[in-house]
Amino acid sequence: MSAPLPFSGYAARKSRRVQLIGFATLWLLVLLGALGVLGKGPLNETAIANDRVKVEYERVLRLRASTEFRIAASPTGPRVRVEIESTDPSELELDPIVPEPETWRVTAHGALLDFAAQGGETRLALRETPRRIGVREVRIAVDHAERLSIRQVVLP
Amino acid sequence: MPPVLRIAIIYAFLMLLFRLAGHRTLADISTFDFVLLLIISEMVQQAVVADDPSLTNAILLCSTLVGLDIALSLWKHRAPGIEALLEGAPVLLVHHGRPLSDAMHTMRVDVDDVLAAARLSQGLERLDQIRFAVLEKSGGISIIPEPGARD
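If you read the protein sequences in the order shown, they are chains L and E. Numbering of the first sequence is given in the working numbering, commencing with residue 1 and proceeding in unit increments. Numbering of the second sequence is given in the working numbering, commencing with residue 1 and proceeding in unit increments.
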């Protein structure tokens, strides 16, 4: 009497089902990545504004990957003062800053930067690299006006 | 540009590049070819990873590469014409001991390559012992001996 073949239709169907779930998960991950839900994509970019300033930023960041804050400010004088604060100031690593600020100093919660006003709307870009995983809050104010509060998620 | 899109472009470009390079490029790899591959991988790595060394990025890039590969294999399975377009087709190099010069020239294969494959796979010594020699899609040469060739 010959031994039965080591084949189980049930095991094959189960394996196929697991494989299909794996494929679907993989493609969902790729789709989320392409859209920017996990950072660096079209759905990731957003903006917040008040009557004096508009800040464009990314909702989701990745650890040790630089991000940019693009600030458009309406100055009231010859200078624009930008104050940037974070829940964890030690992780604020601003570099580079475009255009270069005339003066800048570190404060207890972040940094204070003075730029020459460019006439009309002044545009600035602050590049920064997150150093810690989790949710963080960054506050940006221009010329002591109302602070804009930004919440960002930093992924591993 | 999102990293997922960057890796997809690199995948398509490399596929095109190696398709243009032909069957033999990776089958008969020399030390120089190996160094060339290392240089290519280094350049591609810089272009893809850019300034994002995060774990999320690495997971997404790996998933995209594997996902594209699975999608392409499914597509090739359903459309054989696509497989021929992307991977080429087997090419007959020797027919009843007679080398087909045009095919060999186009595929950059010479009689010595065919004889080497015949010795290695079948223990044959001469061209007239070969019924068919075929350059496979993988780049290897398969040999079908004439009946009684090994007697």
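Derived from the structure by calculation, the hints contain no laboratory data. In this text, all values refer to a predicted model and were calculated from it rather than measured experimentally. Among these hints, one or two may not hold up.
[Unchecked claim] Example chain E residues on the side facing chain L (calculated, C-beta under 8 Å, incomplete):
(1) Pro3
(2) Leu5
(3) Pro53
[Stated by the list, open to error] The following label-pair restraints were derived from C-beta to C-beta distances:
(4) Gly134/L <-> Trp75/E: 25 to 31 Å
(5) Ala47/E <-> Arg17/L: 50 to 56 Å
(6) Leu16/E <-> Phe23/L: 21 to 27 Å
(7) Pro42/L <-> Glu136/E: 30 to 36 Å
(8) Gly22/E <-> Arg131/L: 45 to 51 Å
Cβ coordinates follow ideal geometry from the N, Cα and C atoms, glycine included.
- Query: Should the hint that glycine 134/L and tryptophan 75/E are 25 to 31 Å apart at their CB atoms be regarded as holding?
  - Reply: violated, 41 Å
- Query: Holds or violated: 30 to 36 Å for the Cβ distance of proline 42/L and glutamate 136/E?
  - Reply: Since the Cβ atoms of proline 42/L and glutamate 136/E sit about 43 Å apart, the hinted range of 30 to 36 Å is violated.
- Item | Status of the given 45 to 51 Å range, CB of arginine 131/L versus CB of glycine 22/E | holds, 48 Å
- Given proline 53/E was flagged as interface, is its beta-carbon under 8 Å from a beta-carbon of chain L? holds, 6 Å
- Query: Falls inside 50 to 56 Å, the C-beta gap from alanine 47/E to arginine 17/L?
  - Reply: About 38 Å separates the Cβ atoms of alanine 47/E and arginine 17/L, which means 50 to 56 Å is violated.
- Message: Just to be careful: measuring from the Cβ of proline 3/E to every Cβ in chain L, is the smallest value less than 8 Å?
- Response: OK, holds: proline 3/E within 8 Å of chain L, min 6 Å.
- Per the hint of 21 to 27 Å, is the separation of the Cβ atoms of leucine 16/E and phenylalanine 23/L within bounds? Roughly 25 Å apart at Cβ, these two residues keep to the hinted range, so it holds.
- Task: Double-check leucine 5/E for me: the hint is only fine if its C-beta lies closer than 8 Å to a C-beta in chain L.
- Result: holds, 6 Å
Hints 4, 5 and 7 from the list above are not met by this structure, while the remaining hints are.
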